[in-house]
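**Q** Given next are the chains, with one letter for each unit.
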Amino acid sequence: MNGLLVHETRANHNEMIPTAHEVLGVVRETETEFTLRVKTDAEVHHGQFFQISLPKVGEVPISVSAIEDGFVEFTIRSVGKVTGELLRIRKGDRLFLRGPYGNSFPIHQFRGKDLVIIAGGTGVSPVRSTLRYFYQHRGEVPSLHFIAGFKDDNSVLFREDLELFRQRFDTIYSLDHDKVPGFEVGFVTEHVKQITFTDFSDYNVVIVGPPVMMHYVALECLKEGASEDKMWVSFERKMSCAIGKCGHCKIDETYVCLDGPVFNYSVAKSLLD
Amino acid sequence: MNHDIDIKEIRKNCFRQSKVKGEFMLQMRVPGGIVAAKHLSMVQHIAETWGNGTFHIGTRQTFSLPGIKYESIDAVNAYIKDYIREIEVDTCGVDMDVNDAGYPTIGARNIVACIGNSHCIKANIDTTALARKLESIIFPSHYHIKISIAGCPNDCAKAHFTDFGIIGVTKTEYDYDRCIGCGKCVEACAHHATRVLSMEQAKVVKDECCCVGCGECVLACPTGAWSRVPTKFYRVMIGGRTGKKSPRMGKMFLNFVTEDVIIGIMKNWEKFSAEVLEHKPVYLHGGHLIDRAGYHKFKEMILDGVTLNPEAMVAQRIFWAETEYRSNINVLPVATK
Amino acid sequence: MSYTVSFERMNELIQSLQSNYKIFAPVRFEKRGRYSDTDMVRYANISCVEEIVHDEKSDFSPKEVVFPVTQAILYFTESEFMESRVHDKKILIFLRSCDIHGIRRLDNMFLRNGNVADFYYKRLREKVKFVLMECHDGWDTCFCVSMGSNETSDYSMAVRFHDDSLEIDVKDEEFEPMFGKEAQSDFTPEFVKQNAITVKIPDIRDKDTLHEVYNLPLWQSYNSRCQSCGACNAVCITCSCFTTTDVVYSENGRMGERRRVWASCQHEDFTAMAGGHRFRTTPGERLRFRALHKVYDYRQRFKTEQMCVGCGRCDDRCPEFISFSAMINRLSEEVDKLNEVKSK
Numbered sequence: 001m002n003g004l005l006v007h008e009t010r011a012n013h014n015e016m017i018p019t020a021h022e023v024l025g026v027v028r029e030t031e032t033e034f035t036l037r038v039k040t041d042a043e044v045h046h047g048q049f050f051q052i053s054l055p056k057v058g059e060v061p062i063s064v065s066a067i068e069d070g071f072v073e074f075t076i077r078s079v080g081k082v083t084g085e086l087l088r089i090r091k092g093d094r095l096f097l098r099g100p101y102g103n104s105f106p107i108h109q110f111r112g113k114d115l116v117i118i119a120g121g122t123g124v125s126p127v128r129s130t131l132r133y134f135y136q137h138r139g140e141v142p143s144l145h146f147i148a149g150f151k152d153d154n155s156v157l158f159r160e161d162l163e164l165f166r167q168r169f170d171t172i173y174s175l176d177h178d179k180v181p182g183f184e185v186g187f188v189t190e191h192v193k194q195i196t197f198t199d200f201s202d203y204n205v206v207i208v209g210p211p212v213m214m215h216y217v218a219l220e221c222l223k224e225g226a227s228e229d230k231m232w233v234s235f236e237r238k239m240s241c242a243i244g245k246c247g248h249c250k251i252d253e254t255y256v257c258l259d260g261p262v263f264n265y266s267v268a269k270s271l272l273d
Numbered sequence: 001m002n003h004d005i006d007i008k009e010i011r012k013n014c015f016r017q018s019k020v021k022g023e024f025m026l027q028m029r030v031p032g033g034i035v036a037a038k039h040l041s042m043v044q045h046i047a048e049t050w051g052n053g054t055f056h057i058g059t060r061q062t063f064s065l066p067g068i069k070y071e072s073i074d075a076v077n078a079y080i081k082d083y084i085r086e087i088e089v090d091t092c093g094v095d096m097d098v099n100d101a102g103y104p105t106i107g108a109r110n111i112v113a114c115i116g117n118s119h120c121i122k123a124n125i126d127t128t129a130l131a132r133k134l135e136s137i138i139f140p141s142h143y144h145i146k147i148s149i150a151g152c153p154n155d156c157a158k159a160h161f162t163d164f165g166i167i168g169v170t171k172t173e174y175d176y177d178r179c180i181g182c183g184k185c186v187e188a189c190a191h192h193a194t195r196v197l198s199m200e201q202a203k204v205v206k207d208e209c210c211c212v213g214c215g216e217c218v219l220a221c222p223t224g225a226w227s228r229v230p231t232k233f234y235r236v237m238i239g240g241r242t243g244k245k246s247p248r249m250g251k252m253f254l255n256f257v258t259e260d261v262i263i264g265i266m267k268n269w270e271k272f273s274a275e276v277l278e279h280k281p282v283y284l285h286g287g288h289l290i291d292r293a294g295y296h297k298f299k300e301m302i303l304d305g306v307t308l309n310p311e312a313m314v315a316q317r318i319f320w321a322e323t324e325y326r327s328n329i330n331v332l333p334v335a336t337k
Numbered sequence: 001m002s003y004t005v006s007f008e009r010m011n012e013l014i015q016s017l018q019s020n021y022k023i024f025a026p027v028r029f030e031k032r033g034r035y036s037d038t039d040m041v042r043y044a045n046i047s048c049v050e051e052i053v054h055d056e057k058s059d060f061s062p063k064e065v066v067f068p069v070t071q072a073i074l075y076f077t078e079s080e081f082m083e084s085r086v087h088d089k090k091i092l093i094f095l096r097s098c099d100i101h102g103i104r105r106l107d108n109m110f111l112r113n114g115n116v117a118d119f120y121y122k123r124l125r126e127k128v129k130f131v132l133m134e135c136h137d138g139w140d141t142c143f144c145v146s147m148g149s150n151e152t153s154d155y156s157m158a159v160r161f162h163d164d165s166l167e168i169d170v171k172d173e174e175f176e177p178m179f180g181k182e183a184q185s186d187f188t189p190e191f192v193k194q195n196a197i198t199v200k201i202p203d204i205r206d207k208d209t210l211h212e213v214y215n216l217p218l219w220q221s222y223n224s225r226c227q228s229c230g231a232c233n234a235v236c237i238t239c240s241c242f243t244t245t246d247v248v249y250s251e252n253g254r255m256g257e258r259r260r261v262w263a264s265c266q267h268e269d270f271t272a273m274a275g276g277h278r279f280r281t282t283p284g285e286r287l288r289f290r291a292l293h294k295v296y297d298y299r300q301r302f303k304t305e306q307m308c309v310g311c312g313r314c315d316d317r318c319p320e321f322i323s324f325s326a327m328i329n330r331l332s333e334e335v336d337k338l339n340e341v342k343s344k
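Protein chains in written order, with our numbering: chain Z, 1 to 273; chain H, 1 to 337; chain V, 1 to 344.
Calculated directly from the structure, the hints in this document are not laboratory data. All of these numbers come straight from a predicted model, not from anything done at the bench. Check each hint, because a few of them may be wrong.
Calculated cross-link-like contacts (lysine-lysine; reagent style DSS-like; alpha-carbon spacing at most 25 Å) [as the list claims (entries may be wrong)]:
| # | chain 1 | residue 1 | chain 2 | residue 2 |
| --- | --- | --- | --- | --- |
| 1 | Z | K56 | Z | K113 |
| 2 | H | K203 | Z | K56 |
| 3 | V | K181 | V | K171 |
| 4 | H | K21 | H | K8 |
| 5 | Z | K81 | H | K206 |
| 6 | Z | K269 | V | K342 |
| 7 | Z | K179 | Z | K193 |
| 8 | H | K69 | H | K81 |
| 9 | H | K245 | H | K19 |
| 10 | V | K200 | Z | K269 |
| 11 | H | K38 | H | K133 |
| 12 | Z | K223 | V | K207 |
| 13 | V | K31 | H | K203 |
| 14 | V | K57 | H | K122 |
| 15 | H | K244 | H | K12 |
| 16 | H | K21 | H | K69 |
| 17 | H | K206 | Z | K56 |
| 18 | V | K207 | Z | K230 |
| 19 | H | K122 | V | K31 |
| 20 | H | K133 | H | K245 |
| 21 | V | K22 | V | K171 |
| 22 | V | K31 | H | K171 |
| 23 | H | K133 | V | K31 |
| 24 | H | K8 | H | K69 |
| 25 | V | K200 | V | K303 |
| 26 | Z | K151 | Z | K179 |
| 27 | Z | K223 | Z | K269 |
| 28 | H | K122 | H | K251 |
| 29 | V | K303 | Z | K269 |
| 30 | H | K8 | H | K271 |
| 31 | H | K251 | H | K158 |
| 32 | V | K31 | H | K206 |
| 33 | V | K129 | V | K89 |
| 34 | H | K297 | H | K267 |
| 35 | Z | K269 | Z | K113 |
| 36 | H | K81 | H | K8 |
| 37 | V | K89 | V | K127 |
| 38 | Z | K81 | H | K203 |
Extracted from the complex, chain Z is given alone in its bound form (with noise of 0.2 Å):
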């Protein structure tokens, strides 16, 4: 699968030993969400997650939800024993990392084609730097449509990113219920039907999202004309290790830390749980 990665290993490399970097500024989303801006030179690729850790309470895989020169940010919902510890970072601090890793957005195949990003709650997070590359690099893709979902107004996210995006992209920002200006009522999947693949000459489509609302907006495009093999998702897994050895994240023989998070839709489909 994906070609195995059965490379060279490094010799007495520990992996697992995380590095600490500066937190650069904290911004709160919503009232569980909240991005940090940390301090990094790794080299970085969109839709890739770190190891977030906190020495004595955990480590959690998070994907970077910003890329810049300096910089990473990672959007963050605070559910869990090691996120909701995370609440507590302030600018100024050490956070630990180790990554990145997972594969990324094939940025390359999407250059000199529409694209087509479709996502649902915290699901903006890991397209949020792919689409933020493109709103700097408007002119690599003809044409950039956005479709993103809530819940309600007080969970949506990176507001002021929203507002940039629409002066660049064709968006659809949609509550599911709520009535608010400049929003839309209804599931992403109402609004799939408003994009005319067959207009397109080329596309991309990206999906990220619960894994619910993943599996109907891709069938939602099929259904509008969309092929397969040029729809991509992004899964999210129980990890450990990142690195193919605990076992967490394995659906049939595919590591989602290794062959993933992102897959084409046409090898995603078939990874059953």
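Place chains H and V on chain Z using the hints.
**A** For chains H and V alone, coordinates are given in the frame of chain Z:
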């Protein structure tokens, strides 16, 4: 036929009076409730030759053979000689004369036991072996005592409702490094027992105070982090009984004592009974004798010369909870105004 | 060269080996088994040959020597990380052919899966040399022959036990000088040629069939049987999953440790993410996941043999009498039926 029979003497010989005049039911001892299956042919022979063709699995695990005529008792007693020798003398090591006169006494009743760890996955002890050891201590004695032995605190043998109830318990040991923190033992303890386990820092901690020693944690553990210590431990319940007047559940007398302690107290039991009953073995069983003597006197006498193991726990006092039928004044006939 | 060595003499050799080696072998822990008055046989450090349980299958596999149940990976002080250490001795393990194959499977998982070798596995594994314990007939739950793990030449020494002596085939030059004065023998280890059980690996030919396999009623039949206790994972020589946890040592929480402990894919929380979402919520689905990993997924990933080595310990240890070998044979039968339908 007109009979003139001393039924108390016959009872002492383990033949119980029937409602049919002149008929009796033989109660044969099966210590621990387990014998070789071959003895069933003996039971069949007695039932079909002298009895009414049936046998009852006695409530205290005896072979009970009803419908034996008074006139057949001698023949039956002669026939069961081999069984008595094999079970009582050869198997249990009872010090007694075996002759054509049948059982020498009905005093100490048959020792009841669940199947124990020779079969049961839950059992902590070999109940059969213990029953046989105790048989050699309590039999033959004219003093009336009932003993039940349960392999684990689930108490299928109803040790809680007998004079001396002995329950196999275990001291478990926890291997911190073998534990994977899966919490299966925590679930098992909460579900089956006293909820003494909990998770702390991805490992298990135990509230030693309230552990009943059942071993469910050992059964549940996938890695063998929990195990029983090789020494066997016992809980002793005393004073439980059924009865028309004041049935009650027994109370805990000893906990986490070793077999030596059990043997020791059972050796003191006859002396205790004799003293309380002024050396007259009347038809009154052990629980009542504890009442007569009072718990503290009982404790003093029964533990006399017994060395308690360091893990042992002893009841400082006992508060009985009897069902006193005379006092159920609130239970009235429906028709009463 | 092969030699006949008395236990007495072997114990002297073991004693001298101990200056450089920790020696692990299956050892009896009396009355420490799951059920009362049963023993547990598992791997532990030995100092004499009489401690080695050679005529029984061990309850647990030797994997815990190279992949400890609980292993500290990092220590934390207030301001820094510290890598955990291991002893500086080399390791000798007495084990059977199936387990040697099993450790090779672990090597694949820990050293070759992904692009980084696992530091903690590697540092123990590099110390290890194998002493093969010859198997005569195996035991009633073994199916090593079906899994191709009944034979091996991958050992430093091989032993056959007699009442008070053993025959030993020394292949490793390091150990050869030790045996210079011993009586030579023509011993070479024999291997099990046939098991009571034959297991057929399912012939899953494509993803479509795999997905049909997912939906077989076979798996649901285990829902009421399997208690999800994870004992099968714990005893398996090839189960390699773990979970990482942080702990603090003291009330003030200043010092602590990051450790890994074995994880079980049969446990309900194996896939649980923060927020509570989990996959494979029934025992049947989890058993399916384990079964396919052992006989299909691993093989697909590494393009080698299946993962299972047929030691049969999962059968021995299952408190619900679920037989893994029977499960795989049931699965193979079902897959054959699916293939037959497809070929028509």
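**Q** State the violated hints by number, sorted upward, taking the hints as numbered earlier in the document.
**A** 1, 10 and 20
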